[in-house]
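Fit chains W and C to the supplied structure of chain D, relying on the hints for placement.
Going line by line, the protein sequences match chains D, W and C. According to this note's numbering, the residues represented by the first sequence are 1 to 277, in order. According to this note's numbering, the residues represented by the second sequence are 1 to 248, in order. According to this note's numbering, the residues represented by the third sequence are 1 to 319, in order.
Since the hints were derived computationally from the structure, they do not count as laboratory data. Keep in mind the model is a prediction, meaning the values are calculated, not measured. Treat the hints with care, as some may be off.
Which stretches of chain D does chain W cover? Using the computed rule of at least three CB atoms under 8 Å from a CB of chain W, they are [as the list claims (entries may be wrong)]: (1) 21 to 33; (2) 58 to 64; (3) 142 to 150.
Quick list of simulated restraints, FRET-style, between CB atoms [what the hints assert, rightly or not]: (4) W:Arg113 with D:Trp46: 16 to 22 Å; (5) D:Leu132 with W:Phe114: 55 to 61 Å; (6) C:Val242 with W:Thr146: 42 to 48 Å; (7) D:Glu174 with W:Leu121: 30 to 36 Å; (8) C:Leu126 with D:Leu197: 54 to 60 Å; (9) W:Arg113 with D:Leu197: 52 to 58 Å; (10) W:Leu87 with D:Leu132: 51 to 57 Å; (11) D:Leu5 with C:Val242: 57 to 63 Å; (12) D:Gly61 with W:Thr146: 45 to 51 Å; (13) W:Glu242 with C:Leu126: 34 to 40 Å; (14) W:Glu81 with D:Arg271: 18 to 24 Å; (15) C:Thr298 with D:Glu171: 29 to 35 Å; (16) D:Glu171 with W:Thr146: 16 to 22 Å.
Partial list, derived from the structure: chain W residues whose beta carbon lies under 7 Å from chain C [stated by the list, open to error]: (17) Leu5; (18) Leu6; (19) Gly159.
Quick reminder that beta carbons are idealized off the backbone N, C-alpha and C, glycines included.
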Amino acid sequence: MKSRLRTLALAPAAALLAASVGFPFVILAAYAFLSRGAYGGVMPPWTLENWQRLADPLYAGILARSFVVAAVSTALCLVAGFPLALFLARAGRRKNLLLALVMLPFWTSLLVRTYAWMFLLRDTGLVNTILLRAGLTSEPLPLLYNWGAVVLGLVYAHLPFMVLPLYAALERQEPHLLEAAADLGAGEWQAFWRVTLPLAAPGIRAGVLLVFIPCLGAFLIPDLLGGGKTILAGTLIQNQFTASRDWPFGSAVSLALMAAVLVLLWLEVRRRKEPLL
Amino acid sequence: MPGALLALFFLHAPLLVLALFSFNAGRFTVWEGFSLRWYAEAWQDARLVEAAGNSLLIAAAATAAATAAGTLCAWGLWKRESRVLMLGMSLSLVTPEIVTGVALLALFQWLFRFGGFRLGLHTVILAHASFCLAFVVLVVLARLRTMDAALEEAAMDLGATEWQAFRRVTLPNLLPAVLSAALLAFTISFDDYVITSLVAGVDTETLPMVLYAMARRGGSPVVNAISTAVVFLLGAGILAAEALRKPE
Amino acid sequence: MGAHLELRNLVKEYPGHTALAGLSLEIREGEFFALLGPSGCGKTTTLRLIAGFEQPTGGEILLRGARLDGLPPWQRNVSTVFQSYALFPHLTVRENIEFGLRYRNGPAARRAVEECVEMLGLGDKLGRFPRQLSGGEKQRVALARSLVLRPDVLLLDEPLSALDPNLRKQVRVELRALQRRVGITFVFVTHDKEEALSLADRIALLRGGRCEQLGTPQELYLRPRTRFAASFLGPVNWIGGVGLRPEATLVRPAPPAGLPALPARVRAALFLGNCLHVEAEVEGGARVLAEVSRFDGTYEPGQPVYVSWRPEDEIRVRE
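So here's chain D without its partners, still in its complex pose (with noise of 0.2 Å):
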């Protein structure tokens, strides 16, 4: 049956989608071949300049980092996400609550809790207060605005991301297979490596890649926790459209970082051989 109606709803939410999403990377591709103006706007002539600066060993050298930092912080979920999941998939009835429990703190505030642990780990900080106090140092320790801050922060906030789908993957597993795998002789070792794990694997699949991608693109983490030490490419990109005002590089970049994105994503999807949503 033709729709008419059907078409009218869909409009607005279209409407909004080539808003912000159409147009805007539309823009952002054109800028990325534009030239910086004398104060900062975007001007002829047309060049590849911005994408040969990507390619400077300092920029590209960030976008390397960005990508090493996000592998160690997703790393660093799987490690601790994995026997979190395996727990709550093995909880019996209080699964449910406990599995509200692990995502709860999820759904507040990300300023607020990247702000938590900068009370916590800055100079005059929770955890420096406490060990001035006991005597552990004599004098304050930088566990702020460094590396380890940024990804212990990222860790932090995407951990429920790892946990989900693990335990989604999980808890859909038969509990018979393990007795069947200790039937066959089996120890719980090798019943964990052979049987558990790879039918796990679509579950660490999708944590991998939860993880990864918002981390790759971080901003508010790298920024409030690694102060102006630690620069990625959410920090760079924002740096271009704010103070240093060079909107076609930071086009490029942000191009490059989509571009990047998406790769894994069809890399994903090609896989799975179905669509995301």
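Only chains W and C this time, still in chain D's reference frame:
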């Protein structure tokens, strides 16, 4: 098991500590007794109150727009798929916030050449409505897919037009999911910093923007108080959204 | 009297497959008409085209001579009882039944509700919600909801399939009585031959988007015109180009006088309680299944017999 408990503790400790110290009578991280002075101070800070007001206003407006557009869009997609729209929404969801923010900024600045507009509340609301849209569609569409498509057909068969069928049959059953989506959109909008900071312009401030500035400067106990308040507000919102999302 | 509901050369194509390849039918007023066929034959598509949920790619649908295709569902005086009944879960039984009345006016509407409620025995269930009803009750509410609008045609999609088997036989009888009482044209879709045979005045057997054969239940069962029609309506034995229903296939120790007979050997004899199923292999290789009354003796595997039949029971097909 102990590892799991440690992880749970790790997840909640920072917020609990923050909340605890928001009631600290003292200024530093040494407990000096229970007090509400920081909450009082926050309440009296005109800049904070105005920013909070802006955040609420923006969230309300953006939520209304995103929920209306998103619900209709989900319904349209439920009747027949649109790969273009699904792609657009997927993009909206996976794009890093910083990229969405600068992209919108570039769009606005380009558009403003044609009129005398500036960045302000309206650009923030538009931006928020846009990025909340995909979440609304996600929640509402998921609920629609559990519903029997034959119900709307039955209504039309009995004499109702498409719109009447939607209004009398689908919408009443969809309302909990719509409300849940609205609450979700509200919390996402209220908490946003990155995109807001880029498209708000010089004259407009939201609560996250103020919080960010204060945190950047080193923080103060007032920040603890506001943070705790925000966490409770958003936490309550999300719990309500979750409760509504589960079909009876 | 002309056709009440007429389908002219109806075509429905989807990207990738053709659901209807040119269906033409004339359904008479007050008929209980069945669309019978295997899954994928196009019967449900036909129903949806008549109801208006889809538009035909080609062809026409006429009701009382006026074009129906092109009109949206809410403008057609045709009502559908869905396979899942599609009762509105947030409305009571009464509100469900009264749903369509909002788009009509007049006091006649009120009376129609009382009549339908009484006719379908729903008087004491009006305040309940669909989730509180049994399968049979839900069907009656769905029927009431549609009948209250006095449609020209009532469409039923697999009306008995959602009911549990014990209920089916009873509902069959009630449905037939209901149709006789209201006198409205009923068109129903089914894959179950027993359902079609027992309920319908006429049956259209569909296959591959076309009408394979149209006729009364007797015509379809006793005189099918194709092999497909013959085997769809029931088991059939083929002996040298002639078809025989098992109950018409006779097994005798000696060739009966005046009837064609073929020598055969019993391969198996299964006692089914009320009858025997005797499998015999005719000389020449053909295997037949004969339904033999249990009063007609017993048979053993290996026993030589004669397979016989009355000429008037022969099924001859055109292929």
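Structure-based check of each hint:
Against chain W, the segment 21 to 33 of chain D contributes 8 residues with a C-beta closer than 8 Å to a partner C-beta. That satisfies the three-residue criterion, and the hint holds. Counting residues of the segment 58 to 64 of chain D whose C-beta sits closer than 8 Å to any C-beta of chain W gives 0, which falls short of three, so the coverage hint is violated. Check result for the segment 142 to 150 of chain D against chain W: violated, 0 residues qualifying (beta carbon to beta carbon below 8 Å, three or more required). For arginine 113 of chain W paired with tryptophan 46 of chain D, a C-beta distance near 19 Å keeps the hint of 16 to 22 Å intact.
Taking the beta carbon of each, leucine 132 of chain D and phenylalanine 114 of chain W are about 59 Å apart, inside 55 to 61 Å as hinted. Distance hint check: the CB atoms of valine 242 of chain C and threonine 146 of chain W are about 54 Å apart, inconsistent with the given range 42 to 48 Å. One distance hint, 30 to 36 Å for the beta-carbon pair glutamate 174 of chain D and leucine 121 of chain W, is violated here, with the actual separation near 54 Å. For the pair leucine 126 of chain C and leucine 197 of chain D, the beta carbons lie near 58 Å from each other, so the given range of 54 to 60 Å is met.
Range check, arginine 113 of chain W to leucine 197 of chain D: about 57 Å between beta-carbon atoms, so the 52 to 58 Å window is met. In this structure the supplied range 51 to 57 Å holds for leucine 87 of chain W paired with leucine 132 of chain D, their Cβ-Cβ distance being about 55 Å. Evaluation of the 57 to 63 Å hint for leucine 5 of chain D and valine 242 of chain C yields a pass: the beta carbon distance comes to about 58 Å. Taking the beta carbon of each, glycine 61 of chain D and threonine 146 of chain W are about 49 Å apart, inside 45 to 51 Å as hinted.
Between glutamate 242 of chain W and leucine 126 of chain C the Cβ separation comes to about 36 Å, which falls inside the hinted range of 34 to 40 Å. The beta-carbon spacing between glutamate 81 of chain W and arginine 271 of chain D, approximately 22 Å, falls within the hinted interval of 18 to 24 Å. Here the CB-CB span from threonine 298 of chain C to glutamate 171 of chain D is close to 60 Å, at odds with the stated 29 to 35 Å. Hint check: glutamate 171 of chain D to threonine 146 of chain W, Cβ distance near 20 Å, so the stated range 16 to 22 Å holds.
Hint status for leucine 5 of chain W relative to chain C: violated, with the closest Cβ pair at about 42 Å, above 7 Å. A least Cβ separation of about 45 Å between leucine 6 of chain W and chain C goes past the 7 Å threshold, and the interface hint is therefore violated. A cut of 7 Å between beta carbons decides the hint on glycine 159 of chain W: the least distance to chain C is about 4 Å, and the hint holds.
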